[in-house]
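Residue numbers (this note's numbering), protein chains in the order written: chain F, 1325 to 1749; chain U, -6 to 73; chain V, -7 to 197.
Hint data in this document are derived by calculation from the structure and do not stem from the laboratory.
It is possible that part of the hints are untrue.
[Claimed, not checked] What follows is a list of derived Cβ distance ranges for each label pair:
id, chain 1, residue 1, chain 2, residue 2, range
1, V, R120, F, W1600, 37 to 45 Å
2, F, S1541, V, Q23, 28 to 36 Å
3, V, T12, F, R1601, 29 to 37 Å
4, F, E1729, V, V11, 55 to 63 Å
5, U, K73, F, G1623, 54 to 62 Å
6, V, I68, F, S1541, 56 to 64 Å
7, F, E1736, U, S57, 28 to 36 Å
8, V, W48, F, Q1333, 46 to 54 Å
9, U, V27, F, P1398, 48 to 56 Å
[What the hints assert, rightly or not] Reference listing, derived: stretches of chain U covered by chain F, where coverage requires no fewer than 3 residues with Cβ under 8 Å from a Cβ of chain F:
id, region
10, 4 to 15
11, 41 to 54
Where a beta carbon is used, it is the ideal one built from N, C-alpha and C, also for glycine.
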Amino acid sequence: MNSPTKTKQNKLIIAKEMLGNLVDRRVLTALEVCVRCGICTESCHYYQSNPKIEHTPYYRAELVRRLYRRFFDPVGRVFPQWFGAGETTEDLLSKLAETAFSSCTLCQRCTLACPFGVETAEIMRITRSVATATGNAPDILVELANAAIAKEENAELFRDIYLDQIKDLEKEVQDILGSSKARIPVGEKGARMLYVPLAGAHTIVPQAVLFNIAQESWTLGMFEASNYAVFLADGVKAKHIAERITKEAEQVKAKEIIIAECGHAYTTMRWDVPKWRGSPLPFKVRSIIEVLDEYVREGRLHLDSAQNSQPTTYHDSCNLGRKGGIFEEPRRVIRAAASDYREMTPNRLHSYCCGGGSGLVAVEEWADIRLQAGKLKAEQIRQTGAKIVVTSCDNCRHQIKELSERHDLGIEVTSVSELAVKSLA
Amino acid sequence: MTLEIKSDQTINLEGLLCPIPVVKVSQAIKNMAVGGVLEATATDPGVLLDIPAWVKSTGNELLSIKKEDKLIRFFIKRTK
Amino acid sequence: MVTAGLALAGAAILVAGTVTIMVAIQRRPYQAEIAPTKGSPGQGVLYAFTLGMAPWAKESARRHWVAYLRGIVFHIIIFVGGLFLIASPWLTEFPSLLRVSLAALFALGAALTFAGFGMRLSDPALRRLSTPDDYFALALVTLFLASGAASAAQIEFLPAFWAISGITMAYVPFGKLRHFLYFFYERAFLGLVFGSRGVLKWKHE
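Start from the sequences and build out the full structure, keeping to the hints where you can.
Written out as structure tokens, the structure reads:
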């Protein structure tokens, strides 16, 4: 039986080993290039909403930097104080874990603010990996990742429940379209697109309406797109969860995987999964937003902006925007669907994170931290005078809804797909 | 027969979208004694899958989950 | 003669250290973007090293324009200082106008680097996070430029400049001054990743 002291020692050994293994060329560069000039300070929404040193990007990264130098730098190993490194303790590991999970949403805004381009998010990502491996990650993220795996392991059990649920939703789609021919196909072989929703009707019904109108060849995925293991930076589980989807796409012989309006799910499937596999995916990966934009531009979807005359704004999800280059696609659809569109300032590349990203909305005990960090976003929204906030990420949606309640914004938060359905001509 | 299940705590998850119902259930269960029963009502159909999957992965016991028109009612017993 | 040897030894350590660091970097795994690109990695890299560095491209640079400008100017002066060090054995052949100009430039550089102490000590957050390495590196670079200015003005200071240059170069691989090398990697990674994803490009719609 392990004594508490031995367990603590083991955790430190695991932390050291993992840190050594996870520091790739990009992370090493991010660790080494920072000169602590402080120019990035105000780029962070945490700092803007609550200015204190712990909320600066360089403070967060510096905690890891010092640990790394103490473990691996030739000078740091002999004279850790030279680099400001203190004792490596279990408390430090807990502090690092809390910092990586609660005080950074990996939004990468600071990277663009830095004269060097330090990728603090990459440093925080490996810190999350270490925290997960040493048992310091938030329980709920682990539970949600495990639940996703349990769904696949018990696929037969869940299949019937899911199909029943989809039958009910299909009726809703038929009612909206006034056509009994409208369908939500599941597992249909030969469909061109595999649409991967989230675990909620709001990511199935509106999209099914739009696919039916556009007469798309599509089929609904069995599993949800979200991948909580990505937030944990648990590579093994994240790959496992993502493979549920790629396997299904192979089974139905889809040409494209279309990801629901979800920031991290898009980044994962579009950019990360090929790296994990070591080869490109045999199908194209797009966000539903890109598909809707295509429908509107090609005239397959006719939207009437007069149907939505309330002031409307768009919040750029960090994953889709800054990390994915999807800036104009949602805007084109929204402009076609709403007559009074207004931009937040700043937006697109320089958009501020809403504060709920990277799994934070799921961690109840840190709700106050994230809602405080979202103060800046609330202010941005208020300044637009918008009554409708469109966002293309469910995490942002949850966060902005809560921000609205806390800051009395009196707004409705919706997705691009839902707005498009409301504006059907 | 869900009516026969006696709950120690009830939470309202109506209007909440997944995964927030799972998040709230997880927190509520953690605050209950082992053996305690949690009753919850939700509206997002995603819980029909998410709750059984969460229960399976955490080892708790799903005593019942039923859809009553738009409302989904479920009972979970904390087992450890 | 002794100080010239010191400078050469320092230069040798700098070169050997730089090569060692580059080998260490290359030994680390690197995962390039494999997915079909949305933009251009080449354009991203070009942007990262040019317009992406422009003060007007960064809200942070506009906010901290003094620190940003200071950084750009003194780094350029350090680069000129390096060239001066290489050419310094032929200092007697320099036209006097050039020597006076270089002395003024290096004096400005020394003043700007020395100001770094003030910036670090006056900002509570920076003061808390600054390490002995930060102050030592700042002192070395300040002395390097100050002695460069002195020797450009008065040839008698050349041995001192060589000695300080030797120590500074020898320290580069062991402390924060090695960021000069990582700078090129970081900008390249930024350009490659964000360029591939269509995020960094010359002009957004």
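Hint check results:
no.	hint	in the structure
1	V:R120 to F:W1600: 37 to 45 Å	holds, 39 Å
2	F:S1541 to V:Q23: 28 to 36 Å	holds, 34 Å
3	V:T12 to F:R1601: 29 to 37 Å	holds, 34 Å
4	F:E1729 to V:V11: 55 to 63 Å	holds, 58 Å
5	U:K73 to F:G1623: 54 to 62 Å	holds, 58 Å
6	V:I68 to F:S1541: 56 to 64 Å	holds, 59 Å
7	F:E1736 to U:S57: 28 to 36 Å	holds, 34 Å
8	V:W48 to F:Q1333: 46 to 54 Å	holds, 52 Å
9	U:V27 to F:P1398: 48 to 56 Å	holds, 52 Å
10	4 to 15	holds (count 5)
11	41 to 54	holds (count 9)
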